[in-house]
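A.B. asks: Mind assembling these two chains? They're in different frames, but the hints should get you there.
From first to last, the protein sequence lines stand for chains S and A. In terms of this note's numbering, the first sequence opens at residue 1 and continues consecutively. In terms of this note's numbering, the second sequence opens at residue 1 and continues consecutively.
Calculated directly from the structure, the hints in this document are not laboratory data. Honestly, I wouldn't trust all of these hints.
Chain S stretches covered by chain A per the calculated footprint, using a threshold of three residues with CB under 8 Å from any CB of chain A [as the list claims (entries may be wrong)]: (1) 83 to 96; (2) 106 to 112; (3) 116 to 125.
No farther apart than 25 Å at their CA atoms in a straight line, the calculated lysine to any residue pairs in the SDA-like style are these [to be verified]: (4) S:LYS133 x A:ASP181; (5) S:LYS133 x A:LEU307; (6) S:LYS153 x A:ALA168; (7) S:LYS133 x A:GLU180; (8) S:LYS133 x A:ARG306.
Estimated spans, in silico, between C-beta atoms of each pair [as the list claims (entries may be wrong)]: (9) A:ASN112 x S:GLN228: 52 to 58 Å; (10) S:THR106 x A:GLN300: 29 to 35 Å; (11) A:ASN112 x S:PHE15: 39 to 45 Å; (12) S:ALA121 x A:LEU120: 42 to 48 Å; (13) A:PRO304 x S:ALA121: 29 to 35 Å; (14) A:TRP265 x S:THR106: 38 to 44 Å; (15) S:GLN132 x A:LEU120: 53 to 59 Å; (16) S:THR142 x A:GLU183: 50 to 56 Å; (17) A:PRO70 x S:ALA79: 49 to 55 Å; (18) S:ALA93 x A:TRP85: 28 to 34 Å; (19) A:VAL78 x S:ARG128: 57 to 63 Å; (20) S:ASP68 x A:LEU227: 22 to 28 Å; (21) S:ARG128 x A:GLU183: 28 to 34 Å; (22) S:ALA121 x A:LEU302: 35 to 41 Å.
Even for Gly, the Cβ is constructed at its ideal location relative to N, Cα and C.
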Amino acid sequence: MTEPILSTNGLCKSFGQLSAVDDVSVDIRAGSITGLIGPNGAGKSTFFNLLTGALPPDAGSVRLEGRDVTGLSPDRLFALGLGRTFQIPRPFARMSVLENVMLAPTGQAGETVTGPFLRRARIAAQEREIRQKALDVLDFVTLGALADHPAGKISGGQMKLLELARVLMGEPRLILLDEPAAGVNPVLTETLIEKIEALNRQGTSFVIIEHDMDFVMRHCDPVIALAQGRVVFEGTSDEALMNPVLLDAYLGAKAEDA
Amino acid sequence: MIGVISYLVFFATTASILAIAVLGLNLQWGNTGLFNGGVVAFFGAGAYGTLILGGTPQAGHLGGFELIYPLALLGGMVLAGAMAWIVGLLTLRLRHDYLAIATFGVAVAFENLMRNAEWLAGGAKGVRGFERPLRDALGDGFTYNLVFFAGVLCVLICVYFFLERLVASPFGRLLRAIREDEEAAQSLGKSPARVRLTAFVTGSVILGLAGGLYGTFYAFVSPQDVLPTLTFQIWAMLIVGGAGNNRGAILGAFLIWGAWTASGWALSRFAPVEAQLYTGSVQFVLIGAVIVGMLLWRPQGLFPERLVVSQTGITPQKEQGA
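This is chain A alone, in the form it adopts within the complex (with noise of 0.2 Å):
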């Protein structure tokens, strides 16, 4: 029984600390129209970063800053805001799928600097000696994780009431008609470049401290964790939930995970021992063909953008006549 509740809070750590990260591309794309295809470069800045600013030195790599950890979260956030604001100065031009190839891009080639770059954090053997915060008090067992969950879940709660009160002003207003049509707000005194980048930048802070979380939770991160998986799995969670609308964000997160682990465990243990091999491609093509699913038959997500009329956030009464 207690396994089960362990690995039931072991689960929820992890899809929260996932749900910050799809909150944080929800104000990119749902908001704002911003097709960032490389959620997990910001991620992953955000977990190097608080990992060699919050841990032990370590021989060979950058890191040993030992900051206290609210410190080293907040520098792995502002690292990833850092990041967001190059990348969103020098993309500034892209729209749409241009946008999305070059950060598709960026998150590459961030991989590939981790993976290669040893003197900087660890290359392929990651970063590690980091500890935990609070450890010495809690130490490593289940209270710990409990406690850490809490944590996440608060983390959580605050991102998604910053974002609705963020969205339901009139930034939120602004956000929305730059993603409707860009050029129509300028012609009505909106500076589309600034609001983007603010967005931008924003989201990827979200994003990153996300990733702070989640390194923060394993002790440790490696290129392994910044795959371009990732980037897909947020995504599948973002318009499985319904992009627009941050509670759709936050189940798509639960869903996609709970569905991603079950077919993990369901495979290894069903799949027989020749297919064995194959079953982490079995998972890509399920999570491919779940995004393809929703975007076929039901786009606007189980949770669907609901329309603001005006900031007194009235929803409309239902389709009275015209």
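Isolated chain S (complex conformation) (with noise of 0.2 Å):
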């Protein structure tokens, strides 16, 4: 088997009394697209900004293609190739959708004081390369004819598409994408899963947290459940199916209105 392309060991952290995220071990297998499933509250969230860096743990470690990266920033990270995007859509609301997009490429010449007047060729040809992978990616992601819209003024989905796009215009070899079905009418998720299995397909992997147990039997495998910050199941999705603690705890109500 190869190289998990992240893992987890002993990971905790705790709120007060409240233990969020308890002595979790996991590996991601590098070219999956994994699904993490469990209640509210069940610490999903958290254990993401754990991976992410937004949380330091209070143990445990990470491991990002079998570099210890414990404790680094989630600037650092993604510059190592790990994207991320939120359960609540954060856009750059007062700028453009382009504008949100153009930001993210790391090592921009341009992004000092002195850098627009000393280096101003290098700028411009950066920029204009910068801007062409821009509106590609939006292209991809289908927010082509959006870029120049305010990105706040845009639908929930949509923003949920343009920070898939903002992400990948770092090249990150996995993306952690938190609940990005929800709130999201059926057809851009139907646009957004094959997104995300044309990008699958040329190797980037993914974790996605979801509660649409519809939306996770279909596109995720292998699946890893955590309640109340443990994990309490990991395996196949066929294998979650059977699962009757699964089942009872969380599935079975889930199945039925799904």
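C.D. replies: See the structure below:
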């Protein structure tokens, strides 16, 4: 078996008395679309925040492609190939959709006070390149026509696509998506899945938090389930459907209304 | 007639100097979202720095370095920048209103230091003994003021174009992203702490430049010049003109300074004698009312920020269908 793209060992995080993530050790298979499920408050988003460096873990370690990245800041992790989107979209509202996307590439020469005056030619060339790439990425996520709109004025579903587009500019090898389908209309959800699967075929790995079990069963494999901060299940989506504990605790109710 | 022109030049010089300060604050607040409640401290650092570095020796306090004028002015800017760097490092973790409170405290501390530390900058008496540049050649009259105004105007134009290019560059995009959502920007590989500090120091250097010119114009600075009132006036100028828009910032400076001087004149002329004592307070109330009124009815200012589509600088066509 190949080396996991991301693995955690004994990861813990508590807030006061509440143990949000409790001794979680998992391996994310390279090239997979891994589903992360669990009831509300199970610690899924906290787990994501530990992986991306948004929160420091109390204990345990995170390895990205074999390299210990525990405690690195989110900006460093993005540069190392780890992208993430948020449960509630966080567009740069008073910036255009295109600018939102053009922001993302790291190592831009024009991101200093003196750069715009001393390295004009280099920056102009770089900007042309980034702009073209941003337009291509926006076309890919079907937002091309909205490039010059304020990002705060597009729909919630479009914002989720925009977040994906921003992340793609960094060419990450692993993308963490927090509830990409929540509150998004079915047509946009289909578009999103299509894009995720296309990217996955090109080698990008995904971890997806999702409450829509239909979505998880059809598109995610393997599946990891958390409850009260602990891993309660790890296996294929088929096994998840057969697991009585999961069915009882979580899937049963959800599967019925799906 | 010459009296009116002379006064207009005097007015325009002060307004232009304040406009430079508003541009500095605009970089911090309008572009980066940094709530600097202590504008006057950095303005004051520039003024005191320039006068102490460029002035003649004074008994009893620091000064008399007699540097040539451009170096003295530059020194004032460096002083303001250095102060901003230290304040910025200390307050880096503070957001929004907390940053405003902390920087406001810094400004009050600065004023108190200047008022009480006589060995440093003359205490309440302020710093004198500064020879204005080119005074030998131009004298003290109208010609001097006209030339000085031209100089200030040139500086204002340079600062304007510097900032316009800066905010239209990838750096400006970075500032706006930090303003809009720091956490999201960090998830996209940006370092908010570094960007905030850079913007805070750069804006404060511009505030220091304005302060240096202000000190030069009056050849005098005292603790009375660094009272919190000035912070609020500069904020009012930015809010009225339009945060995030450099042209708005300049327009706001001229409008508010015009309203301030006009109201002062009108009150001294028409208010009943027994009310004359309170005209200063009435002016403060007016400034406060203008800020509140703008925030209620036109929070984006007279010249709202324009949406930058990309670095080609195109503004969007109005609402084409989504």
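A.B. asks: Could you check the structure against the hints above and give me the numbers of any it violates, in ascending order?
C.D. replies: 14, 16, 17, 19, 20
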